[in-house]
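Peer 1: So the protein lines, in turn, are chains A and B. First residue of the first sequence? That's 1 in this note's numbering, and the numbers climb one at a time after it. First residue of the second sequence? That's 1 in this note's numbering, and the numbers climb one at a time after it.
For the record, the hints were derived by calculation from the structure and aren't laboratory data. Check the hints yourself; a few may be wrong.
To be verified - Pulled a few chain A residues facing chain B out of the computed Cβ check, cut under 8 Å:
1. Glu79
2. Ala83
3. Ile108
4. Glu275
5. Phe280
Glycine included, C-beta positions come from ideal geometry on N, C-alpha and C.
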Amino acid sequence: MNSKNSPAGSLRYEGCTLTGALSVLTQVRDAVTVVHGPSGCTHHNFSLLHAIAAEQDDCALPPLVSTGLAESEIIFGGEEMLARTLQRVADDGPAAIFVLSTCITETIGDDLSSVCSRDFGLPVIPVPTAGFLGGAFSDGLNAALNTLAALAGDGGVRERTVTVIGEKNLEFEVEENFAEVERLLGLLGLRVGVRFVRKMRFADFARLGSGSLNILREPALRPVGEALKQRFGTPYIDSFPIGLEGGVAFLEEAAAIMGIDPEGVVEAERVHQAEMLSSFADLRGAAVSPDPLTLGSLEYAPVRRVMAALDLKADTGGAGLSLPYSPPVGTAGIRRLLHRWRRRIHA
Amino acid sequence: MRDDMKQIALYGKGGIGKSTTSANLSAALGETGLDILQIGCDPKHDSTRMLMHGAWIPTVLDLVRERGDAAIATDDVVFNGYAGVRCVEAGGPEPGIGCAGRGIIATFQLLERLGALNGDVIVYDVLGDVVCGGFAMPMREGYAEEVYLITSGELMSLYAANNIAKAIARLAKRSRQTCALAGVICNSKNMEGEEDLVREFAARINSAMVAYIPRSRTVTLAELNRQTVMEYAPESEQAGVYRRLAEDIMKNTRTSIPTPLEIDELEELARRFAQV
Chain A
1 MNSKNSPAGS LRYEGCTLTG ALSVLTQVRD AVTVVHGPSG CTHHNFSLLH
51 AIAAEQDDCA LPPLVSTGLA ESEIIFGGEE MLARTLQRVA DDGPAAIFVL
101 STCITETIGD DLSSVCSRDF GLPVIPVPTA GFLGGAFSDG LNAALNTLAA
151 LAGDGGVRER TVTVIGEKNL EFEVEENFAE VERLLGLLGL RVGVRFVRKM
201 RFADFARLGS GSLNILREPA LRPVGEALKQ RFGTPYIDSF PIGLEGGVAF
251 LEEAAAIMGI DPEGVVEAER VHQAEMLSSF ADLRGAAVSP DPLTLGSLEY
301 APVRRVMAAL DLKADTGGAG LSLPYSPPVG TAGIRRLLHR WRRRIHA
Chain B
1 MRDDMKQIAL YGKGGIGKST TSANLSAALG ETGLDILQIG CDPKHDSTRM
51 LMHGAWIPTV LDLVRERGDA AIATDDVVFN GYAGVRCVEA GGPEPGIGCA
101 GRGIIATFQL LERLGALNGD VIVYDVLGDV VCGGFAMPMR EGYAEEVYLI
151 TSGELMSLYA ANNIAKAIAR LAKRSRQTCA LAGVICNSKN MEGEEDLVRE
201 FAARINSAMV AYIPRSRTVT LAELNRQTVM EYAPESEQAG VYRRLAEDIM
251 KNTRTSIPTP LEIDELEELA RRFAQV
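Based on the sequences and whatever the hints tell you, model everything.
Peer 2: Next up, the structure:
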């Protein structure tokens with residue numbers, strides 16, 4: 001059975017598998033993703049992806065096409081409609097086509113794999129999703145990353161570059177978080193090669209395995225990290241650095257893997273962090289009230305330590321503060337958080 | 001839709017003789033001068049064939065597939081057969097693809113829009129098992145109020161009838177639901193003790209056996225001649241059986257919410273009568 005219980009509640013990661021998969025697949029800019037289902041499934045996601053891309057100053061439209069399934073295909077089967085849509089898209093000459101199923105095409109049993117295996121003159125790659133039937137947002141995201149990871153090659157070379165894996169493309173601060181990782185790697189003299197998957201081209205998959213170090217966005221992506229490690233022997237760090245101590249640990253771990261002496265670099269970063277904190281000395285002793293449930297969770301421990309360093313008192317009567325959906329990345333993430341807090345505290 | 005229109009649905013295991021019984025029932029009713037509409041709700045689309053002298057009429061879903069549902073008129077899907085019985089076949093997708101249940105729902109919506117669901121009696125002849133919500137469509141509000149189960153004394157056939165009774169019991173719990181079980185028809189396979197077994201089964205599920213249709217060579221001969229028994233051998237004993245069935249069904253006012261049996265009970269029942 002491919003049906004799973006919908007988790008209770010309404011958190012962001014419990015949405016449709018399509019949204020998760022499309023957040024990854026639409027970042028392959030010269031490929032087209034075909035959603036086999038009613039046009040509403042595509043419209044909904046297109047709007048969301050377009051709005052978020054605009055927020056991130058990215059003006060490209062998501063390369064997304066619907067088969068526009070309707071009553072008649074539901075009764076008689078939608079495989080031929082899918083084949084016609086794939087041919088029409090193929091005629092426009094994209095580098096590849098990704099194909100996603102929806103709740104209804106999975107319910108009526110359309111065989112996507114067999115249609116995709118016909119010859120359209122370019123790679124046509126089904127990604128197992130099945131709409132809400134196939135699970136939730138994160139299942140779609142993982143299915144897309146795993147499918148794309150299976151396309152990876154190493155181009156026969158090993159480059160001294162770093163591959164960044166599984167950036168949260170729907171996250172408001174996605175570019176800022178990448179910039180922080182890039183900055184830290186730069187301190188060690190390392191350079192990012194492929195961003196898997198952000199603003200990629202299909203041909204880039206051929207060198208996905210050629211980097212010397214993989215950096216996962218978060219520990220939940222370990223299966224992808226493991227798969228690439230097994231195939232190409234590439235070591236990985238399982239998360240972007242969280243908070244100040246995370247930044248230091250990240251530098252040390254990356255340096256150890258790449259055989260670099262981190263001492264001077266780590267010392268310089270500590271100084272940089274202390275300077276950053278001292279620039280927020282005006283907040284000292286303030287009473288603040290971030291959401292206690294989020295603040296108390298394990299992954300927000302770095303935020304609690306920053307509050308202790310600045311002598312901020314968590315208190316129900318203090319300034320109501322927001323915490324980011326994902327814990328802040330590196331020194332820059334903490335700085336942006338404190339900037340936002342300062343506006344609220346002095347408001 | 002007229003208030004006094006009678007709408008009945010025949011359900012039962014595949015191959016048990018639903019279409020033969022439906023067609024002969026419709027023919028017997030038609031012969032009395034009533035305006036009858038028979039709707040075959042099975043992708044095999046052979047429910048009305050004997051009424052149409054062996055012709056395969058175009059199905060509603062064939063026409064929807066070819067022209068789209070906007071370009072279909074009542075005359076395209078309703079055909080006059082023996083004794084003035086008007087015949088419709090829902091049809092369905094090619095085997096192994098799409099969703100036949102959804103096709104039944106679309107067919108009902110189209111017939112409703114065309115205003116084609118009229119007459120004195122509508123007979124719905126439905127696929128063997130109520131495999132999904134689509135095939136329960138004839139039992140839903142606004143359609144058949146009386147469901148007849150057709151079964152022989154064979155265990156598999158009783159299984160199917162019992163399952164359909166479950167569907168009726170479930171649907172009957174819904175508010176505004178008017179469908180109920182009107183009786184059990186025994187279509188004989190010539191087993192010993194069969195009539196008693198089916199009568200007992202009917203009583204146990206809170207219903208009654210309304211007719212016993214003996215196995216007859218006349219049915220086979222009529223169908224080889226592409227006719228209903230009513231047309232092929234109007235004086236035969238078998239034609240008399242169908243005439244009585246038609247009379248009884250028109251007179252029948254007893255309906256009930258069935259109480260389906262557990263599998264163990266059903267098997268025990270069948271074993272008891274097999275030993276007679």
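Peer 1: Hint by hint, note whether the structure agrees.
Peer 2: Right, here's what the structure says about each hint:
Nearest Cβ of chain B to the Cβ of Glu79/A: about 7 Å, under the 8 Å cut. The hint holds. Hint on Ala83/A is violated. Least Cβ distance to chain B is approximately 13 Å, over the 8 Å limit. For the restraint placing Ile108/A at the interface with chain B, the shortest Cβ-Cβ distance is roughly 4 Å, inside the 8 Å limit, so the hint holds. The restraint placing Glu275/A at the interface with chain B is violated, with a minimum CB-CB distance near 65 Å, outside the 8 Å limit.
The beta carbon of Phe280/A is not positioned within 8 Å of any beta carbon in chain B (closest approach about 61 Å), and the interface hint is therefore violated.
In summary, the structure is inconsistent with hints 2, 4, 5 from the numbered list given earlier, while agreeing with the others.
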